[in-house]
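A.B. asks: Below, each chain spelled out in residue letters.
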Amino acid sequence: MSQATAEPRVRPPLVTTGRQRRWLHGDQLFRGLAVASGVLLLLVSAIFLLALFIPALPSITRFGLPFLWGRDWDAVHLRFGALPFIYGTVVTSAIGMLIAFPVGLGAALFLAEESRLNWIRAPLSFAVELLAGIPSVVIGLWALFILTPIMRDDVEPFLNHLFGFLPFFQPPFSGTSFLTAGIVLAIMVLPILIALSRDVIRAVPRSLQEASLALGATRAETTWSVVLPYARVGITGAVLLALGRALGETIAVTMVIGNTPQITSRLFAQGYTLASVIANEFTEAVGPILQGVLFEIGLVLVLITIVVNVIARLMVWQFTKPEGR
Amino acid sequence: MSRLRIREAVDRLVAGLVVLALMLAATPVLILLLFVVIKGLPGMLAPGFFTDLPHPQGVPGGGVFNAILGTLIIIGFASLAAVPVGVLIGVFLSEYGHNRLGDTVRFVSDVLTGMPSIAFGIFAYTVLVATHVVGFSAIAGSAALAVLMLPVVLRSTETALLLVPNTFREAGLALGAPQWRVTLQIVVPAALGGIVTGALLSMARAVGETAPLLFTAFGNEFLQLNPFRPMGALSLTVFKNALVPYANLQDQAWAAALLLVLLVSITNILARFYVRRIQR
Amino acid sequence: MLDRPVSTDEEAVPAPEPAPAAGFGAAGPEWDNEPMAQAQAAEQPGPVEGASAAAQHPPKLQARHVNFFYGDFQALHDVSLDVRANQITALIGPSGCGKTTFLRIFNRMHDLVPDARVTGEVLFDGQDILASNADVIQLRRRVGMLFQRPNPFPKSIYENVAYGPRMLGWSRSRVDQVVEQSLKDTGLWDEVHNRLRRSALNLSGGQQQRLCLARALAVDPEVLLMDEPCAALDPIATLKIEDLMQQLKHRYTMVIVTHNMQQAARVSDFTAFMLMNQQRAGELIEFDSTDNIFNRPKDSRTEDYITGRFG
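Chains as they are written, first to last, in this note's numbering: chain A, 887 to 1211; chain B, 581 to 860; chain C, 1037 to 1347.
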């Protein structure tokens, strides 16, 4: 062909209705499948909540709102209240957070910033990550056999010796106690607290820190006056997330709390948490009321956890996506 | 002392406190591992630990063969459900999820991650056990764990897919490939390292879980391979044996705990190792 | 010159009937099975000049009064031009004048942007590709694209080039043939034939871009859109790509967006000069043979840009 540029290929037209259907189906099918899977998650979550709520109805309708501040636990006369468990959950989590917060924040500060001791950072991060992976039942096992004797024989008497004038540290001493459970919780939430706080602190712009240092402030002053205020929201979010984790922790706490429903200011006393009572009593509960009570306790626990988590997510999310300041 | 001196001293003090905090943070895991190894190794090395079934209370010896199998079976089924579905949801979020539905799914997934682990057990109990669909069984336990694993797989898949540069998608589309081919044949394979890592990490987490199994798989002292029957698991063995006052069983608890820690650690290491291999 | 296997093997040959419905179903899984006999005749480059060039090279792509919007913002204003078959058309102009936006209309890549909107007509062989019932998948197969940064898939060299053919359902032997031919066409075969299974990411930047070209050629397109293909390459690699373009233009129509005026002058037959107007929308200022644009520009703005007074 002399016309080197003549069309060598003959092809059907581009504007058509028939062919389009074919590939459109493939795309639509796949997209539909993907979307369906997303909806499936929402469905499963809804069932998740319903699976708690519906069996709890017998208890909710019978006891109503006063259930939350009732203190009885009488299977014979069917009088139940959740207050001791709420108390136990709150107290152990509070102790855990009180211990974990300074330690975790300090560790996070170290890990997030430059330092002369850079070589420590990798192995220490690794150690913290390792801790995150240890199953809760193993921590519980260790706590039960190793920690509780130490608490009973050494730590609690020591605290009593120093602070015995406070109601918190009154005898008798028990290895399984609010305090022990609190310490266990502290160990368990440490990894998540450190990891999140470190990310939050890293997100603080270097320019702000450098400006402060350039003005002659010390590292400590910079951290206190510049870094922490800036990171306040994010750190609060991290703390809340860790708290959420602590509130829901079941197994390790069950092994060291003593499983006695009581409300007392003595930290060396035995207690009970929302999660623990479910773990212990569930398989023995007979009848819709007794079971309903445990379901309702589970519902309370889940709702508290959801609220804490949602607030936490909103704070962390808001922080790690900074709008221009 | 001059003001400057005071400030410098405070600075050094704070630096010291920070280092102390770090030491405190790193110690628990070392102490934990130390004790688990010391108390668990003798039991683990005892003959029959891996191959025997548990002996009755007070009778020395015995093993955790049933629990090992149970863990493998339960986690196996759970992964079979959670990984494909989780990856699919991750694909949804990354490729089709930049809208309100996607945001809602992400949000719900995040909230689900923070749920107390026992709640998953309650969920599976209500849906599968109480309704007598399967009763106490490995399957019920797997269901509980699958829902627990789902958010982990889903999020890591989404992250891995988002990391794939958009230019690959454009190149595929410019060749005339339909969207689904681009996603399945180009994007997902490119993100495979991250996806597999996420799946392995979720499995490592599930291996260690006890609470979801308490009233689903329920535990079983005897060898049981039928997934529709109650089944034992390593985590359940540790939990139950810890609470009985018999020395032989308590020793088994430590040994099983050590085995559990080893399993979890190996899976975790495998996960990170896989990432490095893929990023050849 | 460039050999190409004649694909008259097992597949059926449909009648070249342009009517929409007819002949379709009979054509087998993909309609590309008809012979490419005329390909061997592609030999005379010949200098291209003015009117005789227009006659020899009918318009392959035609843009008519194209306006482009990102949401409310107008990015292109009333652009009309013809891209001639088997010629290289260059789009030049300062940054932000809409060259790439315009280029990407030709294979409807703007569909990927959620609030992108195009008005006007864009004809490919006389058919409006902006129509809502246009077959975009087919369009993208017939109009290939090279991107600014080489983007080979994270797969082996072979799998990169074979991706398109495999998707089209070609037989294993045919895929092998096409891979080899495409790599030869882009001058890569000698360099990579003994490591086809290795990752494409191990190649140099220039090699990667040639690989992307081979990948695009493997699906047998008619048009190649090139979005600053040499921007990320060193001068030697750039020269190789430019040589390839000259060799390939006998078989393909090419449109190239380039920041480099010298490249446009070296390589193209036709040049379009674009500028951003007061409302920050891109407009076509002048479009003519490259010779005319660079030696006898009609618009003073063109002249200013050519001589480097701005841009």
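Don't read these hints as lab results, they were simulated from the structure. The beta-carbon is built from N, C-alpha and C at its ideal position, and this holds for glycine as well. Take these hints with a grain of salt, some might be off.
[Claimed, not checked] Reference excerpt, derived from the structure (chain A facing chain B, CB under 10 Å, subset only):
| # | residue |
| --- | --- |
| 1 | Arg917 |
| 2 | Thr947 |
| 3 | Pro1009 |
| 4 | Val1023 |
| 5 | Trp1028 |
[What the hints assert, rightly or not] Have a look at the derived ranges for each label pair, beta carbon to beta carbon:
| # | chain 1 | residue 1 | chain 2 | residue 2 | range |
| --- | --- | --- | --- | --- | --- |
| 6 | A | Leu1189 | B | Leu764 | 52 to 58 Å |
| 7 | A | Thr1122 | B | Asn746 | 54 to 60 Å |
| 8 | C | Ala1267 | A | Gly918 | 36 to 42 Å |
| 9 | B | Glu588 | C | Ser1235 | 40 to 46 Å |
| 10 | C | Gly1344 | B | Asn746 | 30 to 36 Å |
| 11 | C | Gly1205 | A | Thr1122 | 42 to 48 Å |
| 12 | A | Gly918 | B | Phe687 | 20 to 26 Å |
| 13 | A | Ala922 | B | Ile849 | 42 to 48 Å |
| 14 | B | Val713 | A | Asp960 | 32 to 38 Å |
A.B. asks: For which of the previously enumerated hints does the structure constitute a violation, in increasing order of number?
C.D. replies: 2, 6, 7, 9, 11, 13
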